[in-house]
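Given the structure of chain R, go ahead and fit chains F, H and W onto it with the hints provided.
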Amino acid sequence: MGGARFAGFLVQRVIKMVVMVFAIIVANFLLVHAAPGDPASVIAGEAGAADPQFLAQLRAQFGLDQPLSTQLWLYVSHVAQGDLGVSYRQQRPVLGLILERLSATLLLTGTAFILAVLGGVTLGALAARRVGRTSDSLITVLALALYATPIFWVGLMLVLVFSVWLDWLPSFGMNTVGADLTGGAAVLDTARYLLLPALTLGLFYMAVYARLTRAAMLEVASQDFVRTARAKGVPEGGVQRRHVLRNALLPVITVAGIQAGQLVGGSILVETVFAWPGIGRLAFDALLARDYQILLGVFLATSVLVLVFNLVTDLLYAWIDPRVEMT
Amino acid sequence: MSLLDVRNLTIALPPGAERAHAVEDVSFTLEAGEILCIVGESGSGKSVSTGAIMSLLPPALRVVQGSIGFEGRDLLRLKPAEMRLLRGSRIGMIFQEPMTALNPLMRVGEQIGEVLKVHGARGSAGRVQELINAVQLPDPDSIARSYPHLLSGGQRQRVMIAMALALEPAVLIADEPTTALDVTTQMQILGLIKEIQSRRGMGVLFITHDFGVVAEIADRVAVMQHGRIVEAGAATQVLNAPQHPYTQALIAAVPHRARALDAPPTGRPVLELIGVRKSYWRGGGLFSPRVKVPAVQDADLVLRKGETLGLVGESGSGKSTLARCVVNLVKPEEGTIRYHDTDLRRLMRRHWKPYRKRIQMVFQDPFASLNPRRRVGDIIAEGPMAHGMARASALRRADELLALVQLDAGAAERFPHEFSGGQRQRIGIARALALEPELLIADEPVSALDVSVQAQILALLEDLRQRLGLTMLFITHDLRVAAQVCGRVAVMQRGVIVEQGRTAEVFAAPQHPYTRSLLDSIPGRHWLPPVAQISDQGAVD
Amino acid sequence: MNGLLGDFFGTFLRNRGAAAGLAVLALVGVAAATAGLLFPYSPWDMRGAPFMPPGEMEFLLGSDSLGRDVAAGIAYGARVSLLIGAVSTVVAVLLGITLGAVAGYAGGMVDDAIMRFTEFFQTVPSFMLAVVLVAIFSPSIGSIVAAIAIVSWPPVARVIRAEFLSLRSREFVHAAEVLGRSRTAIVFRVILPNALSPIIVLASLMVASAILLESGLSFLGLGDPNLISWGFMIGAGRSVIRIAWWMSVFPGIAIFLTVLALNLVGEGLSDALNPRLARRR
Amino acid sequence: MRKLTRRALARRGLSAGILAAGLGPEMLTSRLAYAQTPAKPAVAPKKGGTLNTILTPEPPVLVLGVNNQGPTQLAASKLFQGLCQYSFTLQPIPQLAKSWSLSDDKKTYTFHLQENVKFHDGHPMTADDVIFSITKFHSELSPRARPIFANIKEATAPDPHTVVLTLATPFEPFMLMFDATACAIVPKHIYDGTDYRTNPANQKPIGTGPFQFVEWQRGNFIRMKRFDDYWVPGQPYLDEIIYRIIPDSQSRALALQTGQVQLTQANDIEPFDVPRFRALPNLEVELNGWEYASQLSWIEINHRVKPLGDVRVRQAINLAIDRNFIRDRLWFGIGKQATGPICSTTKFYDPAVAKLPGHDPKAAMQLLDAAGLKPDAKGVRFTIKHLALPYGEVWMRLSEYFRTALRQVGIEVVLETTDAGAWARRIGDWDYETSVNFLSQYGDPTLGVERSYVSTNIKKVTFTNTGGYSNPKVDELFTTAREAGDPAVRQKAFTEVQKILCEELPQIWLMELAWPTIHDKKLHNVIQTAMGPNSSFDNVFLS
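Residue numbers (this note's numbering), protein chains in the order written: chain R, 62 to 388; chain F, 3 to 543; chain H, 317 to 597; chain W, 15 to 557.
Simulated from the structure, these hints should not be mistaken for laboratory data.
All C-beta atoms, glycine included, are put in the ideal place defined by N, C-alpha and C.
Keep in mind that the hints are not guaranteed to be accurate.
[What the hints assert, rightly or not] Below, a list of computed lysine to any residue pairs in the SDA-like style, where the Cα atoms sit at most 20 Å apart:
1. F/Lys119 - R/Leu125
2. W/Lys506 - W/Val408
3. W/Lys399 - H/Ile502
4. W/Lys399 - W/Asp443
5. W/Lys399 - H/Ser459
6. F/Lys333 - H/Ile502
7. W/Lys474 - R/Leu125
[Claimed, not checked] Reference excerpt, derived from the structure (chain W facing chain R, CB under 8 Å, subset only):
8. Pro157
9. Ala215
10. Gln217
11. Arg232
12. Asn234
13. Pro261
14. Leu268
15. Asp433
Pulled out of the complex, with its shape left as it was, chain R reads as follows (with noise of 0.2 Å):
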């Protein structure tokens, strides 16, 4: 692929991006303002009394006194500059709030999914390897059972089991506070408390890529240009290398990089087991609040997350797969 082809795939797909992004911001606004809460009620209620005075004030003060296509074009020409709004209730920046949990969140989908990928695609190579044999069935029923079983049932038993029972790792948070760790330790700290969690989120797409990347695989398998590489005089290993799993790992990819955002998403669950102070967290809590600025932030973001997750991915298949158009 020539360089300037290349740019001119990333412009174009970044404007497509961007077109989306626009799309979601209208769509989330207008979701989120059919909403039948209203944050002024919601503080004035919290705040333990309220008297209309009170309530018309902070309706004046978060703009809700305005018609909606101003309250609308209003959020878009400040997201457009980059300002996602204040929280109504945390009175800060919401892209301030999203920055601070969006690295909790980033480093637990991150070490899930990486887990998942690594782990999945072994596991289902494995498999394809040693189709109809015990190692496959138990590698095919062990992906079926986490296949099918709620995510955040998972975590819970493991936090029985290796926080309650054996006592080895901690079960809620992602540091250990006032330990003033640094360096070397602090990223050891952290390790410990990621684990659970990551391998909570992890096990569930692991068995999603084990089981595709078995079918795929076994697809694969059955194509001319293997029978090719093995009249070749190819040995079974390099075949299965060179020919089938490189081939195989496209779907795989395709799959991943739609997970990818999905598990960004679904980690509300997690986060919400194992307190892990992330944005799934923070979307669930703003919702029982009607924080709709905070949601629509997140909202922004987490498609922001997916769409940059799906360019990744055009762009790793593009350059793995030499047949995609570069127009």
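Coordinates of chains F, H and W only, in the frame set by chain R:
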């Protein structure tokens, strides 16, 4: 001692298959420096035999008996690792489908180099270039750096040959290597194989279903039917004086009866195409302008009452697109499609309906052209019912049509998958005839069929044409078929009709260079099958 | 009756996993159907002491924090889980088929527009979207079904569209066109029946994921408060898992088995409907 | 332990204030009846150590007034202080005001402030800050304080350490408005003339409390450290307090069990877990400390919805409900069964008249029959909707119990759930049939009870008389009690009110809520006032 000595090879099919053995008691030898063609129709077991030689049989197939002697060893008794060392180095193989036989993710050079690497040969880089050169591919450097999808089918097949020849094997197995290629390409590849073979003195085991190819290339021939070799011998012998009834039937089925010169058609024009033009748009991103790819350019044709016009050309020439324009499956952007006095191109969809009854079509792929979820009776009755006939009468009509296409009446109750390819094509014809059309468009109606079946369908079409007074537009890539079926032909190349005229005249004295090269590429063009008194018995359907 | 169906059942039942899945599913169905006979009282009734372990005080699977019968909850919950799974899948499939068929058959701008719309729904993280929808429209069986359907239809639309795109250029569809059949007839009578087999497989898996999704929503407190469902029971039992493991373990097993069974059935269907793949399993 | 430390406390120089407030040590010790742990030997205060505790849900901001939710109160009460605190019997105890006096006409309050108080930024706290906080900051921000502080005719500072507030009319519960949660003293030099809600200092709160704000990782933890210039010599004892945000209740319980936190409060620990922690030898469970808040929960009835306006129906519902079951099964024995509209811990509670009939489904059905509500073929007399309170699991269980209990007398209840925002809006819009609600009483019925029953407060606003109950007699009695300066007159009026309300049952009161404060036994002096864990923790220490 023979180079390759297959003896009493019997390979079992899994239980429940239509017969017990894929091949049964097959014996043949291949000598150095000769080309042995194994001929047979689909399912005859010819590919299984070569799979056994390469030890690349699907796991479900099991060798129950026999030996394959090669260089003093029995290949069937080698360990997998020993066999692997032979594959690619001593025995090379090329396959039918060049589009899928190369790994799409590896550069061509790498794939050729891989053969050298896995067999421990040195000096790969230069050798790869040499090999690409040897198969007469232009610009070896850029070819080596290309990915397979950038190459044409013929180029890929050359790459396959380069890989197979990389280590100068003693035996080359070619499994229908030209079946998927256009005739001109086929001729080039056949020439290449023959040339390399004679230069290196290899033994070539060549699998094919096409007697033309056999005539073109074979030194010796073995004919297979139902897993057995029914006849073997020198090529000239088998081709010109077949002994076994099956061989006789096969050879008789090869289209050969050049049509007697009909009287020039004089009927009134049924269909008239004037300046028909159709293009497709390709690409069209933000930064790459959409490219207009012409599929049909300024096509002019006249089809007169009662005649059969052949539309011939290689794949991508636009012949099918033109046919589809006539039945409004494709909407041309310019030109006139005059059916009697109506310009069909200008009709709205709802105004088209009456013409549906009068213009019908027979499709190429008998497996894809019948709705798999409907019974045959319903499939045939579909047209009349769409035009308002009551179901009961439509089904009665379907029974009559089944009889017309020589299928038994019970067929109406069955589903398409219970029929063979030839039978399905009969059903497709019955469906088209159900509306009693005046004009029949036949889009490659026999190209997916085995040769013996092909002959039957062609005979049926000819019979029906005459009985029902059909006017026919017959699209084919096979010049032999065109010669047999069509009174006139039009030759298409890259969307343009380059030549048209009465078949015998065009074939005898082609005017356009492309027509000439097409005719020169007919495999076995110098071989005229013996006109024997052959019944259609023996050929399977 | 005919070869097509016979082949189908033959292949399906030869797959041991699929047969087992079907058996489990039948069991769940029977439990759902006979819940009223097995437990002739409301699953919400507080019938005894709280936190009774399984087997005590006639509580086969124990009692919950209010002394309600876990076994009764699971039996009645089967109704709700299956209902939500089935209804939301039907809605999603209908939605997906409609949009996918239109996109795939019409092509061009319509296809583009519908596919952008579909992409939109695939881009927004689906669980998050479901949570938002249920919360905004307040949790009830209607809003849960709607939310699950809304996040589940895009794959159906994509599959149907792809099928339509490929079937549209198949010769038997061209034949129908040439025979003069109407567009509606071509879409619904000719193409659609041939596009359904991947949807049948997909649908069985969608029921499974709908049940999982519902349990996830309930876990976050977004279930229908008037219906006992497995998801709700885990949600209620989760916080007391160390006091009363049976409260969340048994509904968890119920979900696990049902979802597993649906997946096995889905694989069996896929094998039976697509024999080419079956041979390689 | 409590007794001895309180004595120690008295000895440490706070006795002047306590005596000035007319509170003797014996009144403190009388509360021991409520405490459930035996007295233990005194432990000398020890400096140092970090207190790890929990905050849930995460508060939006840590400035009292800008936000007054429970979690904000818990954490911000360490950063900000009020003029006083309250004893378990709701007598004021000095905090930033070392003493105060009330003029004979009951209109002029004079506060004498502590003299060496500094804000965390080093500025001294003076009378100006106090007047600013009362007349401007909280008067603008706090809907609870606004109507009461509006009664202040004049606020003057004769000297930097004296504040004189003159009321337009006497208001007997006035002194209950000055703890940190009602009127935290904020720095005038930072807030005056700014938009209080968006002032950047809200992100880094500056108060006079014993701890100063250090760091807040959203969704993770809030860290505060010892304020070295704190006005009480030698205090605070703790070096650091870390509030960890743990949204999941099981994770919170686990944190307490494994010793990762030493203190939980409010609704950190679900009621069903409390018996388990009570059994642990290293932990102590305290249930007092909520006397000031005194939250009363009830089934909120919308009187506009038929047949709920019929007193017989409300009485039947009351009879259908088993408060013992609710207390024992749902709250696991934490809290008390309600006996009327006023909590037993709130002033002017009269046990002689505050009585509700016990669980009696049969009587309930007779009442419903009498009201003409006969059961249909399915045994259903009528169907009502019930909007569950979205504040956590136990409330959901309560609504489930409500449904089951009412079904037994033939009333079909359909549950609706929603989030906190929609719940507050629907209650405020009267868009409900029944719901669950609980309100704080702030020590005095005029402050926290009147609002729910007087017809003048029937407003489309949450936490007013949203049910629409109206009785001129009740209105009159509440007005009398509000305007009278004499406690005896007020008591008479409130007794009468309690009697009437217990008969008419405008709401179905369920429970006087209590929240368990569970802490490591090494942590001392946690619960010492009616503010419970909302006190400043300046004398809390780890042994």
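For each hint, the structure was consulted:
With a CA separation close to 72 Å, the supplied pair F/Lys119 and R/Leu125 exceeds the 20 Å bound. Simply put, W/Lys506 and W/Val408 have alpha-carbon atoms about 36 Å apart, too far for the 20 Å limit, and the pair is violated. With a C-alpha separation of about 50 Å, the suggested pair W/Lys399 and H/Ile502 falls outside the 20 Å cut-off, and the hint is violated. About 15 Å separates the Cα atoms of W/Lys399 and W/Asp443, which keeps this hinted pair within 20 Å; it holds.
Restraint check: the Cα-Cα separation between W/Lys399 and H/Ser459 comes to about 18 Å, which is no more than 20 Å; the hinted pair holds. Distance restraint check for F/Lys333 and H/Ile502: the Cα-Cα separation of roughly 18 Å lies within the 20 Å cut-off, and the hinted pair is therefore satisfied. With a CA separation close to 18 Å, the supplied pair W/Lys474 and R/Leu125 stays within the 20 Å bound. Given hint, W/Pro157 at the interface with chain R, holds; its Cβ is 4 Å from that chain's nearest Cβ, closer than 8 Å.
The criterion of a C-beta within 8 Å of any C-beta in chain R is not met by W/Ala215, whose closest approach is roughly 11 Å, and the hint is violated. Taken as an interface hint, W/Gln217 checks out: its beta carbon lies about 7 Å from the nearest beta carbon of chain R, inside 8 Å. Because the closest C-beta pair between W/Arg232 and chain R is about 5 Å apart, less than 8 Å, the hint holds. Against a cut-off of 8 Å between C-beta atoms, the interface hint on W/Asn234 holds, since the closest Cβ of chain R lies about 4 Å away.
Annotation: interface hint on W/Pro261 holds; nearest CB of chain R at approximately 6 Å, less than 8 Å. Interface hint status for W/Leu268: upheld, as the beta-carbon distance to the closest one in chain R is roughly 5 Å, under 8 Å. A least Cβ separation of about 5 Å between W/Asp433 and chain R falls short of the 8 Å threshold, and the interface hint therefore holds.
Hint compliance for this structure: hints 1, 2, 3, 9 are broken, all remaining hints hold.
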